[in-house]
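Participant: Residue numbers (our numbering), protein chains in the order written: chain A, 281 to 799; chain W, 4 to 167.
Hints were generated in silico from the structure; no laboratory data involved.
Model, not experiment: these values are computed from the prediction.
Idealized CB from N, CA, C, for every residue including glycine.
Don't take every hint at face value.
Claimed, not checked - With a straight-line cut-off of 25 angstroms between C-alpha atoms, the simulated PhoX-like cross-links for lysine-lysine are:
#1 6/W with 20/W
#2 10/W with 576/A
#3 70/W with 623/A
#4 623/A with 6/W
#5 576/A with 20/W
#6 70/W with 20/W
Stated by the list, open to error - Derived coverage of chain A by chain W (criterion: at least 3 residues anywhere in the stretch with Cβ under 8 angstroms from a Cβ of chain W; other residues may be distant):
#7 480 to 488
#8 561 to 572
#9 575 to 589
#10 640 to 651
#11 745 to 752
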Amino acid sequence: MDNRNPSPSLPGLCLIPREDGIPRALFPQETPETYLAQARILGSAGGRFLGLWGAGDPQPRICTAFLLREGLFVLVLPLPKETPSPSFPSLSGFIPMANRFERTVRDLFGFRPEGLEDTRPWVGHDLWAVPPLSLPPGSPVPENLEAGSLDYPFVRVTGPGVHEIPVGPVHAGIIEPGHFRFQVVGEKVLRLEELLGYTHKGVDGMFRNRDIAWGARLAARISGDSTVATSMAYAQAIEQALDFSPAAGVRALRALLLERERIANHLGDLGAIGNDAGLGFALSQFGRLKENLLRKNRQHFGARYLFDQVTPGGVQTSLDDEAIADLLEENGILLAEILALHKIYDDHGGLQDRFQNTGVLLPEVAHRLGLGGVVGRASAQAWDLRADHGGDPYRRFPPALALAHTGDVAARVLVRFLEIQESLSFSRALLEHLPEHSIAESIPDNSETAEGLGIVEGFRGEVLAWVRLAPHGVVEAAHIQDPSALLWPALEIAVPGNLVADFPLINKSFNLSYSGNDL
Amino acid sequence: MWKLLLKIFRTGILTEKRDQPLSQTHPPGFGKSLAIRHVDAGSCNGCELELWALENPYYSLSSGGVKFVASPRHADLLLVTGPVTRAMKEALLRTRDAVPGPSRVLAVGDCACNGGIFRESYAVHGGVDAVIPVDHHLPGCPPSPDDLLEAIHQAFGTSPPSSE
Ligand code: SF4
């Protein structure tokens, strides 16, 4: 292909620019050696590891994603079909973050990560007698009768006065389930280890052999708070596979919906963080603003949380002039409210005392882990797909990157405040220049197998989707990656050294998804 | 500080009037104070977002005498979301066993009612009734806060709960 721009530092890997977003492509690797070598090259060229997943029949494979400034690179390593539990080289020796992903692939598919020393199960909890996705879709999966997830061998800290606090999976409050194991001396946390997987719903298995529209409904339910982001990543992946580009109006409306999701979540988080620091005022004020926004969503888009609004080929609702005027008015009111509340937060000594120097994730550590999203940006990692790669409409009204450098709760609060403001001015530009639009077009049919990728900047960070289509719109396999899977290990690093009582506050300032992690 | 107080003053009271606030119906056997223990049995977290909304000033659940409690031992109602994943079955059973009688169980959301979109997956039981008896079901994906208030109201009921 002529219009490819080979990057000099990445031999054999080049991307085609795209109108609808980030340049992205799949790169099949012939042997485990080239897979390993390319992963090392991408890692050392400043690439951020974004996830690793497997797929089974008809061609077993491992896919590994890296995000570079150039775009998204996904290495695909086909595995031998005849071997019952084929092996693949583990990346965790030089990418520690790959650990949980490779254990997930081992739990679900039975593929063996060679070189991975950690033999503990991850999302599978040893619940099944055979890896569930090694069986064809729809077949019953025999249970492992000796399963007992509570026997998980957590790493223990020993010494005088050290004790252990187990928390979860059922937590005290309206929260998703997961288990935290603290090693504590006095009030101070020495070590935190997570055990997730309690919300594992078998999502990757469910995508198999479904039609595109059903897959879109599932994609919207990976993590409810990110429904627009996951739906949009899935839609992009389908559209890339079918070589279809949505109209400018559709792209603008999708971008608007994504910002509404971001604002709603940031409002909720800011209120919850303030509340956990003891300021009930925060919960009611931000709760009020979030509720106002959700009601506008229902009025203009028919759904408070925008479930099923973004579908392959388009969006479900368009806006008339009256709606646009109403949303512009909402935009101005919200901006004034946010500025006032930001001032109150800044001036509140008690809040700042709890926020500053609590749950610090040092910029060097965030860099080494390759973090992005709100957590990464609060630790000086300057990545935001909207500001970096754009595509339309981001290139027309480029949002500014919100950055903070201290990596503590205060920094994560600051990034959220800045992002709401930026998001409001970007949304205003979108509303004022909304292109004439038809809201949905029918997507083309495919006569051959096709693959595609999608990636969007959700409210937590990069949400990634991969699909493989069999002829005539049958989803053969798909995977959606919420950024939470990359951010959970960072929480384990930010908590030690803090008081046990600060854990809820730090945890809230990360606000990670369990469902999006466990899939 | 005065800015904060001024903000509270300017915001005023937003709580919306309901036909039958829970505090006035006094479900027999539960008194005026109703305690809910929530268990997420593997939801997508969409239902949790709407449960959170109940605490905002518009719905102000706690002003009606209803509160979410941290321990199942303090609960009158077990509110369950999610399709009950295999990994959460044990935790759900143990939480239910820790709730003293009289109590009720409310399944919230399509997932909790019948497994929802995840119904056929190998990893879920397909709804709360597949694991523990359920007194009331509230479908929706996710159900709205108004529907949630109504369902909580109904779950406590007007007839005395059966003692266990
Ligand atoms: S009912 Fe819908 S919103 Fe609730 S957990 Fe299930 S998929 Fe999510």
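Participant: Look at each hint and say if it fits the structure.
Facilitator: We went through each hint and held it up to the structure:
At most 25 angstroms may separate the alpha-carbon atoms for a hinted pair to count; residue 6/W and residue 20/W exceed this at roughly 28 angstroms. Taken as a hint, the residue 10/W and residue 576/A pair is honoured in the structure, with Cα atoms around 23 angstroms apart against an allowance of 25 angstroms. At roughly 31 angstroms between alpha-carbon atoms, residue 70/W and residue 623/A are farther apart than 25 angstroms, so this suggested pair is violated. Taking the CA atoms of residue 623/A and residue 6/W, the gap is near 9 angstroms; set against the 25 angstroms cutoff, the hint holds.
Only pairs whose Cα atoms come within 25 angstroms are accepted, and residue 576/A paired with residue 20/W is accepted, the gap being roughly 20 angstroms. Proposed proximity of residue 70/W and residue 20/W is supported: the alpha carbons are some 18 angstroms apart, at most 25 angstroms. Here's how the stretch 480 to 488 of chain A fares: 6 of its residues keep a CB closer than 8 angstroms to some CB of chain W, so the rule of at least three is met and the hint holds. Residue count for the stretch 561 to 572 of chain A with a Cβ under 8 angstroms from a Cβ of chain W: 8. That meets the three needed, and the coverage hint holds.
With a cut-off of 8 angstroms between beta carbons, the stretch 575 to 589 of chain A has 3 residues touching chain W; three or more are needed, and the interface restraint holds. Given as covered by chain W, the stretch 640 to 651 of chain A fails the check, having 0 residues with a CB less than 8 angstroms from a CB of that chain where 3 are the minimum. Note: the stretch 745 to 752 of chain A has 0 residues with beta-carbon separation from chain W under 8 angstroms; the three-residue rule is not met and the coverage is violated.
Going down the numbered hints, you'll see the structure goes against 1, 3, 10, 11, while the others check out.
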